[in-house]
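Student: Chains Z and F, in that order, are what the protein sequence lines are. End of the first sequence = 158 in this note's numbering, gap-free, step of one. End of the second sequence = 207 in this note's numbering, gap-free, step of one.
A few of these clues could be false.
Residues of chain Z placed beyond 10 Å of chain F at every Cβ, according to the derived structure [as the list claims (entries may be wrong)]: (1) Ala21; (2) Ser39; (3) Val46; (4) Asn53; (5) Thr77; (6) Ser91; (7) Gln96; (8) Ser115; (9) Ala128.
Interface residues of chain F toward chain Z, partial, derived using beta-carbon atoms under 7 Å [unchecked claim]: (10) Lys49; (11) Leu51; (12) Thr55; (13) Gly163.
For the record, the hints were derived by calculation from the structure and aren't laboratory data. Each residue gets a CB set at the ideal place from its N, CA and C atoms; glycine is no exception.
Each chain is listed here by its residues.
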Amino acid sequence: MATQQNPVQYAKAIQYQLNSIVTPVPVYATFNRNFAIEPKFLTWMLRNVHQEVFTGQTQSNKSIDRPTFQISIFTQQIEDGFTISNQILQSLHGFSGLFGGATNGFWIAKADVTWLYNSYDNDDKLAQVFLDCTLDIPT
Amino acid sequence: MPLPTKVLPGFTASLYVQPASTPTPLTTAQLSLIASVSPLTISGNLLQVEAVPVFGQDDAVASFMVAGSRQSDKLPTQSAPTSMTITVAWNPSDTVLLLIRADAYSGLIDRTYVVQATDGTSTVNYAFNARVGQFQIDSQPGAEAKAVFTLHPRGNQYGWTNTA
Chain Z
20 MATQQNPVQY AKAIQYQLNS IVTPVPVYAT FNRNFAIEPK FLTWMLRNVH
70 QEVFTGQTQS NKSIDRPTFQ ISIFTQQIED GFTISNQILQ SLHGFSGLFG
120 GATNGFWIAK ADVTWLYNSY DNDDKLAQVF LDCTLDIPT
Chain F
44 MPLPTKVLPG FTASLYVQPA STPTPLTTAQ LSLIASVSPL TISGNLLQVE
94 AVPVFGQDDA VASFMVAGSR QSDKLPTQSA PTSMTITVAW NPSDTVLLLI
144 RADAYSGLID RTYVVQATDG TSTVNYAFNA RVGQFQIDSQ PGAEAKAVFT
194 LHPRGNQYGW TNTA
């Protein structure tokens with residue numbers, strides 16, 4: 020039996036957690052025009068927020084939530100992006116505990132980080148590294 | 044003392060092994076006592092299992108017929124505790140794994156094991172006494188080497204506990 024988790028809470032927690040890992044590098048929810056002023060920064064995108072729904076008429080008959088968020092690292096120096104990605108891997112991969120700080124955080128059973136790929140955008144003159152992180156959240 | 048009141052991901056379950064080569068397993072009463080079980084659930088006793096398999100009790104029934112009755116009856120009878128086949132990443136020097144290996148060689152050593160699951164604040168423990176009935180190293184080249192072993196729990200020797 021579970022209530023649907025609040026995506027707003029997820030967003031706040033992700034923002035807080037990423038920020039605490041990579042500080043002083045700024046973390047944004049969207050790309051904006053940050054590429055013009057910041058030598059290195061992060062954005063994240065939350066997706067696949069979904070609690071499996073079980074059978075029956077009771078709405079709270081649901082399972083755990085396993086949302087995924089993509090982390091996009093943008094840097095002017097390619098090596099900086101790899102260094103930041105390592106910071107995130109070391110801190111987040113396999114992490115179990117309070118995710119997102121005392122105010123908006125919640126307990127997660129596991130964070131599973133996949134280092135996807137790196138790239139380079141010639142228009143923005145920014146190197147990029149992309150990671151996926153899946154959370155297992157008891158509900 | 045409250046239990047976790049959440050649907051738990053499978054990842055929250057972890058397996059702890061009582062230390063020492065000739066352990067004194069917990070008594071049946073102690074298996075249901077948090078003060079006896081919690082000292083075992085420390086990181087030094089953690090076994091790095093890939094996943095905790097199903098645990099609990101197998102099914103066993105006796106059915107019999109009554110003359111003149113349309114349906115027979117099924118009675119739960121002596122059902123064995125579920126044997127747990129466990130896969131662990133094989134580190135030859137892992138002290139906990141060496142205990143398991145020695146237990147398998149002996150076949151007679153009783154040891155207390157604890158399956159612990161948590162929602163972050165509350166914790167539930169399933170403690171049981173078991174012997175090791177199998178120990179195999181699977182070193183196929185496509186993946187990391189694995190140690191596979193089976194725990195055979197002793198009948199009636201288990202207990203549930205939870206923290207505050």
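Student: Quick one: work out the minimum CB distance from Z:Gln96 to chain F and report holds if it exceeds 10 Å, violated otherwise.
Tutor: holds, 34 Å
Student: Beyond 10 Å from every chain F Cβ: check whether that's true for Z:Ser115.
Tutor: violated, 8 Å
Student: Quick check for students: does the CB of Z:Ala21 sit more than 10 Å from each CB in chain F?
Tutor: The claim is violated: Z:Ala21 sits with its nearest Cβ about 5 Å from chain F, within 10 Å.
Student: Tell me if the interface restraint on F:Lys49 is satisfied: Cβ within less than 7 Å of some Cβ in chain Z.
Tutor: holds, 4 Å
Student: Should the hint that F:Gly163 touches chain Z count as held when the rule is a Cβ pair under 7 Å?
Tutor: holds, 3 Å
Student: Please verify that hint: F:Thr55, Cβ, nearest Cβ of chain Z, below 7 Å or not.
Tutor: With Cβ-Cβ at 5 Å, under 7 Å, it holds.
Student: Measuring Cβ to Cβ, find out whether Z:Ala128 lies farther than 10 Å from everything in chain F.
Tutor: violated, 4 Å
Student: Would the hint on F:Leu51 stand, with a C-beta cut-off of 7 Å toward chain Z?
Tutor: Constraint on F:Leu51 satisfied, holds at 5 Å.
Student: Would Z:Val46 pass as off the interface with chain F, using Cβ distances and a cut of 10 Å?
Tutor: Z:Val46 is indeed farther than 10 Å from all Cβ atoms of chain F, at 24 Å.
Student: Would you assess whether Z:Asn53, listed as outside the interface, keeps its beta-carbon beyond 10 Å of every beta-carbon in chain F?
Tutor: holds, 34 Å
Student: Does Z:Ser39 clear chain F by more than 10 Å, comparing its Cβ with all Cβ atoms of that chain?
Tutor: The assertion about Z:Ser39 holds, with a minimum of 18 Å to chain F.
Student: Regarding the assertion that Z:Thr77 does not contact chain F, is the least Cβ-Cβ distance greater than 10 Å?
Tutor: The claim holds: Z:Thr77 sits with its nearest Cβ about 13 Å from chain F, beyond 10 Å.
When held up to the earlier numbered hints, the structure conflicts with 1, 8, 9 and fits the remainder.
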